[in-house]
Amino acid sequence: MENDETKGAEVTIRLGAAAGDGIQSAGEMMMKVLARSGLYISTYNGNQSLIRGGHVWFHIHAGTRKVYSLGYGIDFLVPLTQLAFDQHFESVNTGGAVIYDPSIVKPHDLQQGVRGIPVPLGEIALKYDKRPIMKNTVALGALTSNLGVKFEVLADAITDQFGRKNPGVAESNIKAAREGYDLVKNLGAQSFELKYDYSCTKPVLTADYAFALGAVNAGCRFYAAYPMSPASPIVHWMASHAKQLGLTVFLGEDEISVINATIGASYAGARAMCGTSGGGFALMQEAVGEAAMTETPVVVVDVMRAGPSTGLPTKTSQGDLNMMLGISQDDFPRIILAPRDSADSFYTAGRAFNLAERYQVPAIILLDFAIGDGGYSTVEGLDPSFTVDRGKVVSVPSPGAVSGGWFRRFALTDDNISPRSFPGTPDLMFVAKTDEHDEWGHDLSDVNSGLKEFLPLRVKMHEKRMKKLESIKKELRLPEIFGPTGADITIVTWGSSANPAREAVQRLRMQGVSVNSLEFTDLYPLNESEIKRILQVPGKKVALEANYTGQFETLLKRETGIIMDAHIRKYDGEPIYPSEVEKGVLSLRKEVHAVV
Amino acid sequence: MRLSDLKEFESDTRPDWCPGCGDFGVLAALKDALVKSGKKPHEVAVVSGIGCSSNLPGYIRTYGFHGLHGRPVPVAVGIKNANPSLTVIATAGDGDEYGIGFNHVVHAARRNDDIKLIVMNNEIYGLTTGQLSPTSKLGQKTKTSPDGSIIYPLQPLPTILGAGGTFIARTFSGDPKHMSWVIQEAIKHRGFALIDAISPCVTWYNIYDEVKKLFYRIEDRGYKITDQQAAFNAMNDPQGIPTGIFYRTEEKQSFQEKLAEINGGKAPAESVQTLDRNVALQLIQEFA
Ligand SMILES: Cc1ncc(C[n+]2csc(CCOP(=O)(O)OP(=O)(O)O)c2C)c(N)n1
Ligand code: SF4
Ligand SMILES: [Mg+2]
Numbered sequence: 001m002e003n004d005e006t007k008g009a010e011v012t013i014r015l016g017a018a019a020g021d022g023i024q025s026a027g028e029m030m031m032k033v034l035a036r037s038g039l040y041i042s043t044y045n046g047n048q049s050l051i052r053g054g055h056v057w058f059h060i061h062a063g064t065r066k067v068y069s070l071g072y073g074i075d076f077l078v079p080l081t082q083l084a085f086d087q088h089f090e091s092v093n094t095g096g097a098v099i100y101d102p103s104i105v106k107p108h109d110l111q112q113g114v115r116g117i118p119v120p121l122g123e124i125a126l127k128y129d130k131r132p133i134m135k136n137t138v139a140l141g142a143l144t145s146n147l148g149v150k151f152e153v154l155a156d157a158i159t160d161q162f163g164r165k166n167p168g169v170a171e172s173n174i175k176a177a178r179e180g181y182d183l184v185k186n187l188g189a190q191s192f193e194l195k196y197d198y199s200c201t202k203p204v205l206t207a208d209y210a211f212a213l214g215a216v217n218a219g220c221r222f223y224a225a226y227p228m229s230p231a232s233p234i235v236h237w238m239a240s241h242a243k244q245l246g247l248t249v250f251l252g253e254d255e256i257s258v259i260n261a262t263i264g265a266s267y268a269g270a271r272a273m274c275g276t277s278g279g280g281f282a283l284m285q286e287a288v289g290e291a292a293m294t295e296t297p298v299v300v301v302d303v304m305r306a307g308p309s310t311g312l313p314t315k316t317s318q319g320d321l322n323m324m325l326g327i328s329q330d331d332f333p334r335i336i337l338a339p340r341d342s343a344d345s346f347y348t349a350g351r352a353f354n355l356a357e358r359y360q361v362p363a364i365i366l367l368d369f370a371i372g373d374g375g376y377s378t379v380e381g382l383d384p385s386f387t388v389d390r391g392k393v394v395s396v397p398s399p400g401a402v403s404g405g406w407f408r409r410f411a412l413t414d415d416n417i418s419p420r421s422f423p424g425t426p427d428l429m430f431v432a433k434t435d436e437h438d439e440w441g442h443d444l445s446d447v448n449s450g451l452k453e454f455l456p457l458r459v460k461m462h463e464k465r466m467k468k469l470e471s472i473k474k475e476l477r478l479p480e481i482f483g484p485t486g487a488d489i490t491i492v493t494w495g496s497s498a499n500p501a502r503e504a505v506q507r508l509r510m511q512g513v514s515v516n517s518l519e520f521t522d523l524y525p526l527n528e529s530e531i532k533r534i535l536q537v538p539g540k541k542v543a544l545e546a547n548y549t550g551q552f553e554t555l556l557k558r559e560t561g562i563i564m565d566a567h568i569r570k571y572d573g574e575p576i577y578p579s580e581v582e583k584g585v586l587s588l589r590k591e592v593h594a595v596v
Numbered sequence: 001m002r003l004s005d006l007k008e009f010e011s012d013t014r015p016d017w018c019p020g021c022g023d024f025g026v027l028a029a030l031k032d033a034l035v036k037s038g039k040k041p042h043e044v045a046v047v048s049g050i051g052c053s054s055n056l057p058g059y060i061r062t063y064g065f066h067g068l069h070g071r072p073v074p075v076a077v078g079i080k081n082a083n084p085s086l087t088v089i090a091t092a093g094d095g096d097e098y099g100i101g102f103n104h105v106v107h108a109a110r111r112n113d114d115i116k117l118i119v120m121n122n123e124i125y126g127l128t129t130g131q132l133s134p135t136s137k138l139g140q141k142t143k144t145s146p147d148g149s150i151i152y153p154l155q156p157l158p159t160i161l162g163a164g165g166t167f168i169a170r171t172f173s174g175d176p177k178h179m180s181w182v183i184q185e186a187i188k189h190r191g192f193a194l195i196d197a198i199s200p201c202v203t204w205y206n207i208y209d210e211v212k213k214l215f216y217r218i219e220d221r222g223y224k225i226t227d228q229q230a231a232f233n234a235m236n237d238p239q240g241i242p243t244g245i246f247y248r249t250e251e252k253q254s255f256q257e258k259l260a261e262i263n264g265g266k267a268p269a270e271s272v273q274t275l276d277r278n279v280a281l282q283l284i285q286e287f288a
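If you read the protein sequences in the order shown, they are chains A and B.
According to my numbering, the first sequence is numbered sequentially starting from 1.
According to my numbering, the second sequence is numbered sequentially starting from 1.
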């Protein structure tokens, strides 16, 4: 609970339970309640890789101004199990509260200034349904009441959740919620009230959904996947909109088939995309090289989770960058983009398709669990205006474009981009070759390989592909500064690590610390000279990322020679918290001052 | 057939196969079948993997995709899904399709993808200079089995029949007319066709004489396509090498027909456009 002029008022809520208790849907309902009360939202889904039991939680950070990450601590903890209480009670802020069912949770060791609000959640729930799962809804009623949000907003969210399929279920849930709501009201236990605006309808979505939407908006009508957390929301969204939007959704037998089918679809003229997480991407690698060698554009999304191997399927990480830099054998061009949040993700999808098609290269998108699966954030004024740019697609032969019956599909040109034709087009036949080939797609790998008259051609074909990187890097987005330019300390982030850094920067600045952050979204190819210029800051630079080796920090050093003064790295699978960034920056500041 | 039609499919590239390689016969039969099926070169996509046999796309003038070892089937499926009006033919070796890429064959068969798969089966890995393949015989001597193979060979035809295959045939490159007929029938077929094309490798494992002696056309012996059981029986002949169309059903919809019921027949290759602005805004608003 914070209330200050620069940041507005805000609140953090955490619901905890066992898997199967419906905590994710309860969290999403609560998120909707707050969003429909005019607040900005950022959430995190503390999921476990199981269907029943264990401990799962859902965290909501909401504010009257834009929020980016998880905020600081917990203002309202709603533990539906003892384990949920034990796991989280220490993070409850002074002035915060714990709403619990005294028959289930013993709220031991509550800190001073933290209120316990006992509500017989289970007992109330059982009045309306034989299954105790409805205690979630009672808790949401109590919570909504505590926040001073009017009940109708919750009732609406409940109807949305259950109503359409099952009006009876919605009705009894609303009654149960009402009882929780009134009970807290009668207790006089309302803690505080933010300024609510009930006329507001800002959408709240995850980066996965935003990417799916952005892709379809950019002309993608082919999506292939094999189920893998945390990328599955993309295929779920695509499948549930396939009829309405005329989408072809292909659930392949494995990730190898998925990417090869995507390449086939793109070769045939579609805007085609596939998605997976790190393990699935590892299986796709050979085919990413195939796309690059045949100069077939593809967009591949990797929603990262913590590894290696199966790792932590429902936990977050930014550990796949090195894999993307070193995908499969030998050198080939690729584009690597890492959007920060949902809005970014939406626009990045369109950019990725235009770049991939114009340069006829694979474009890799790195999302992660923190923003991809349970990481909802508010988007405002998303603009679907978009221009499809397919690059050099030809449908009639130009002079010199055909000889020996074959289209000069891989022509050496001034800009290293060759004209492309789609199957079905008369007179422009060619063979897309994964073997090294000449301008017409004839093999350079068999009868001509190694012959001295053909060596220069191999060099030219290889260079033609690689040199596209020079043009691409000039088009990619440069890092953006959050906060004022010029600071004693600059936090260097990429992708989703921008979000906790933003909240830390805001808070540190209020404490008088001179700090800003520099957010990279377009990771490869890097525009070295521009980036060197931008990173010539007088202050200290600290790299922030969620992996062990500092993969982006290493890339920056490799490509630009720039060395960070310090770094903050996290790899326990949990999201980066703003407080951790704050602590890291403060300790660096001490160092800075000690040296001075 | 007009010779001029056949010429349209001629490539300027001479096959680099060893003289006498069975793959020459498959190439000729494929061209013949395409002409007789009334196809134009630009309406056809030939997709291959890696192996001697997989070099085929460069030798026939159609659209071609010479992809990765084992992966022509998913590439072909992607092409067909994106543009169902194309005739999509996958051509590859026994290592490619019955070894590294067999998983895809099983699933294409069960989905009944409308692609035609011609496996040039020489019971050996040709391009990599003669190692054991999944269809190599028990006791077969190769570079990796100098004392004779100790592995039982895969039976691809009954396996794919069991997986739900809707068109299952075997033919022999030494019987070009039959091969062309089988390919033509496959092109007409509603869905996935597996054609096991015996195509001897004269360099590493020459089974030419053996096949010539043992093969026969089931059609010549009065075989009529009925049910799966009859097909299983016809495939299984320890004494000879039966060729022909063992099984065929036009009852099952192809995967692409089913897809069209969902996507309204909107081919992804023909729908590359932005969403209507109002539709896009409404989709975003679903999250409010
Ligand atoms: C992933 C991968 N593994 C191995 C190879 C090497 N390789 C090339 S062709 C081939 C086998 C070819 O045998 P087959 O498919 O039967 O074709 P044939 O040469 O007999 O026509 C292998 C193993 C490769 N290219 N890619
Ligand atoms: S090695 Fe065998 S399969 Fe390869 S081209 Fe020669 S004969 Fe044909
Ligand atoms: Mg072989």
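Since the hints were derived computationally from the structure, they do not count as laboratory data.
Since the structure is predicted, the reported quantities are computational estimates derived from the model, not experimental observations.
Glycine residues also receive a C-beta, built at the ideal position from the N, C-alpha and C atoms.
Incorrect hints may appear among the rest.
Partial list, computed: chain B residues near chain A (C-beta under 8 angstroms) [claimed, not checked]: (1) 15; (2) 16; (3) 249.
Taking lysine to any residue and the SDA-like style, the derived pairs with C-alpha atoms no more than 25 angstroms apart in a straight line are [stated by the list, open to error]: (4) 243/A / 282/B; (5) 130/A / 104/A; (6) 141/B / 128/B; (7) 127/A / 186/A; (8) 202/A / 152/A; (9) 473/A / 524/A; (10) 66/A / 141/B; (11) 7/B / 66/A; (12) 467/A / 289/A; (13) 7/B / 243/A; (14) 40/B / 511/A; (15) 474/A / 485/A; (16) 243/A / 288/B; (17) 165/A / 40/B; (18) 7/B / 438/A; (19) 266/B / 253/A; (20) 473/A / 322/A; (21) 202/A / 186/A; (22) 165/A / 279/B; (23) 137/B / 262/B; (24) 39/B / 401/A; (25) 165/A / 25/A; (26) 40/B / 398/A; (27) 39/B / 242/A; (28) 7/B / 485/A; (29) 36/B / 404/A; (30) 143/B / 66/A; (31) 243/A / 257/B; (32) 583/A / 243/A; (33) 195/A / 397/A; (34) 202/A / 285/B; (35) 392/A / 411/A; (36) 392/A / 485/A; (37) 252/B / 66/A; (38) 36/B / 425/A; (39) 40/B / 397/A; (40) 40/B / 443/A.
Pair hint residue 40/B and residue 397/A, alpha-carbon separation not exceeding 25 angstroms: Holds, because 17 angstroms separates the two Cα atoms, which is no more than 25 angstroms.
CA of residue 473/A to CA of residue 322/A, is that 25 angstroms or under? holds (19 angstroms)
Restraint check for residue 7/B with residue 243/A, where alpha carbons must lie at most 25 angstroms apart: violated (43 angstroms)
Hint consistency between residue 243/A and residue 282/B [alpha-carbon to alpha-carbon, up to 25 angstroms]: The given pair, whose Cα atoms are some 16 angstroms apart, holds under the 25 angstroms limit.
Is it true that the CA of residue 202/A sits at most 25 angstroms from the CA of residue 186/A? Roughly 32 angstroms separates the two Cα atoms, so the pair is violated.
Is the straight-line distance between the alpha-carbon of residue 36/B and that of residue 404/A 25 angstroms or less? Holds, because 23 angstroms separates the two Cα atoms, which is no more than 25 angstroms.
Below or equal to 25 angstroms on CA atoms is what counts here, so check residue 7/B against residue 485/A. Given that 25 angstroms is the threshold and the Cα spacing comes to 68 angstroms, the pair is violated.
Supplied contact hint for residue 16/B, tested at 8 angstroms Cβ to chain A: With a closest approach of 5 angstroms, the residue 16/B hint holds.
Given the hint that residue 141/B pairs with residue 128/B, test it: the Cα-Cα distance must not exceed 25 angstroms. Holds, because 15 angstroms separates the two Cα atoms, which is no more than 25 angstroms.
Holds or violated: residue 36/B with residue 425/A, Cα cutoff 25 angstroms? holds (21 angstroms)
Taken at face value, is the distance from the CA of residue 242/A to the CA of residue 39/B at most 25 angstroms? violated (32 angstroms)
With a cut-off of 25 angstroms on the C-alpha distance, tell me whether residue 165/A and residue 279/B pass. holds (24 angstroms)
The earlier numbered hints that this structure contradicts are 1, 3, 10, 11, 13, 14, 17, 21, 23, 27, 28, 30, 32, 33, 36, 37.
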